[in-house]
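> Residue numbers (the working numbering), protein chains in the order written: chain A, 1 to 210; chain B, 1 to 210.
Don't read these hints as lab results, they were simulated from the structure.
Check before you lean on any hint, since a few could be wrong.
What the hints assert, rightly or not - With a cut-off of at most 25 Å between alpha-carbon atoms, the simulated BS3-like pairs for lysine-lysine come out as follows: (1) A:K176 / B:K99; (2) A:K191 / B:K176; (3) B:K34 / A:K159.
To be verified - Residues of chain A clear of chain B, computed beta-carbon distances all greater than 10 Å: (4) K34; (5) D41; (6) L48; (7) Q81; (8) K99; (9) Y111; (10) D140; (11) E141; (12) E142; (13) S156; (14) K176; (15) H196; (16) C197.
Every residue gets a Cβ at the ideal spot worked out from N, C-alpha and C, and that includes glycine.
Protein chains: 2
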Amino acid sequence: MSHVIVTIGREFGSGGREFGRRLAEELGIAYYDKEILLEIDKRTPYSLSYIQNVSENRPVVLPPINYGNSFLLYKDAGMEQHTDVFRTQSDILKEISEKGSCVIIGRGADYVLRDKHPYRIFVYADIASRIERCKKRANDEEKTYTDKKWTRYIRSVDKKRRAFYDFYTGVEWGRKENYDLMVNTTNGDIKAMAHHCAMMIKDLMSSEER
Amino acid sequence: MSHVIVTIGREFGSGGREFGRRLAEELGIAYYDKEILLEIDKRTPYSLSYIQNVSENRPVVLPPINYGNSFLLYKDAGMEQHTDVFRTQSDILKEISEKGSCVIIGRGADYVLRDKHPYRIFVYADIASRIERCKKRANDEEKTYTDKKWTRYIRSVDKKRRAFYDFYTGVEWGRKENYDLMVNTTNGDIKAMAHHCAMMIKDLMSSEER
Chain A
1 MSHVIVTIGR EFGSGGREFG RRLAEELGIA YYDKEILLEI DKRTPYSLSY
51 IQNVSENRPV VLPPINYGNS FLLYKDAGME QHTDVFRTQS DILKEISEKG
101 SCVIIGRGAD YVLRDKHPYR IFVYADIASR IERCKKRAND EEKTYTDKKW
151 TRYIRSVDKK RRAFYDFYTG VEWGRKENYD LMVNTTNGDI KAMAHHCAMM
201 IKDLMSSEER
Chain B
1 MSHVIVTIGR EFGSGGREFG RRLAEELGIA YYDKEILLEI DKRTPYSLSY
51 IQNVSENRPV VLPPINYGNS FLLYKDAGME QHTDVFRTQS DILKEISEKG
101 SCVIIGRGAD YVLRDKHPYR IFVYADIASR IERCKKRAND EEKTYTDKKW
151 TRYIRSVDKK RRAFYDFYTG VEWGRKENYD LMVNTTNGDI KAMAHHCAMM
201 IKDLMSSEER
């Protein structure tokens, strides 16, 4: 199999991470998710929780109060740090992609690595099955959530992911044109779906080798 | 394998029909596409070309000129015939789905047969690869088309499909929430993709049997 980069965009609670991990196992290639945050942590002066907070969130740009009175370019510290994290993240994604075949979860990797022609997957599901999945891994506080609260929470995470993606890529998160395959996990067995998807990618790679 | 209904929605020129045919072959089940039109032809007084024209097109509703002056319900002949074709088509789809496992191309079958929980696939591709595919099967007149004309033509067919689907189903054509799998054929080998997709559906069916 030739060099392959698989990127996974995913709705929160859809099982995209599990799908990606299984895909990497089936293909016998590297898997990157939170490892990327730890690497950003090493390379920048920011705290891990700050990095975690901004690495998939859109920066909030607040013009200074004298904005209307000045044509001078202003520097916004929050924005600068945010861009710094994004730039470091992009550098890491590029390094990772050069090391060898891999599966990368989120972080706009499909866009950052577009010149490498990654196989771009988007994983999604209906809200009921996402709530069910979230409940299974809920912590003590989350165990008290009602379905209504879960819905609000899930939608708020997706909203942030969408805003991050749209802000940095200029294209629409979850829009079919930006993906090679879109997998709805609502009624499916993620293990089986990842297996067949891995077989499809293997075929694709070997046909590109010829 | 238990009873399975697979529906294929597709953008014009994306290879959705080929994908569906190969899928049916791999699964060893029936395949329905234009056969449905012939069956409508048998059951209604309308000509095949009329049926072909309306079976995936939204009806154009023209209020009569006395519309503003009357509260009486009016009957629009065009609309009635259109609905007649759609109703006959829906009946045929239901009969087909009861006969046994099958793959059905287009015709809002995913919506009409929603109670049977079909496996709903949507096939799409970028405009360049769709033009290329169309050119390969072009007739003499179409062989004179420029890429610009092909783009206009492809978009106009899709526009009709979308309008038909949205009109009769009340949901949005090509929206990911309405499908189990969305396959982009731009860079892929349709034969290989249909093969792996068939394997996935087989797995899904056998796990539902258990």
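> All hints, please: hold or fail.
Hints, verified against the model:
Between A:K176 and B:K99, the direct Cα distance comes to roughly 33 Å. Violation of the 25 Å bound is thereby established for this hinted pair. Between the alpha carbons of A:K191 and B:K176 the distance comes to roughly 21 Å, so the proposed pair stays at or under 25 Å and holds. Note on B:K34 and A:K159: the hinted pairing is violated, with a Cα-Cα distance of about 42 Å set against a maximum of 25 Å. Separation of A:K34 from chain B is adequate, the least Cβ-Cβ distance of about 26 Å exceeding the 10 Å criterion.
At roughly 34 Å from the closest C-beta of chain B, the C-beta of A:D41 stays outside 10 Å, upholding its exclusion from the interface. Every C-beta of chain B lies more than 10 Å from that of A:L48, the closest at about 33 Å, which supports listing it as non-interface. Distance check on A:Q81: its Cβ is at least 34 Å (rounded) from any Cβ of chain B, clearing the 10 Å threshold; non-interface status holds. Residue-level check passed: A:K99 sits 23 Å from the nearest beta carbon of chain B, beyond 10 Å.
Consistency note on A:Y111: stated as away from chain B, and its beta-carbon is indeed over 10 Å from all of that chain's, at 16 Å minimum. At roughly 32 Å from the closest C-beta of chain B, the C-beta of A:D140 stays outside 10 Å, upholding its exclusion from the interface. Non-interface status of A:E141 relative to chain B is upheld: no Cβ of that chain comes within 10 Å, the nearest being about 30 Å off. With a least CB separation of 25 Å from chain B, A:E142 remains clear of the 10 Å interface cut-off, as annotated.
Every CB of chain B lies more than 10 Å from the CB of A:S156, the least distance being 19 Å, so the non-interface label holds. Its beta-carbon lying about 6 Å from the closest one in chain B, A:K176 breaks the requirement of being farther than 10 Å from that chain. Non-interface status of A:H196 relative to chain B is broken: a Cβ of that chain comes within 10 Å, the nearest being about 4 Å off. A:C197, annotated as away from the interface, has a beta carbon of chain B within 10 Å; the closest lies near 7 Å.
Violation of the numbered hints given earlier is confined to hints 1, 3, 14, 15 and 16; the remaining hints are satisfied by the structure.
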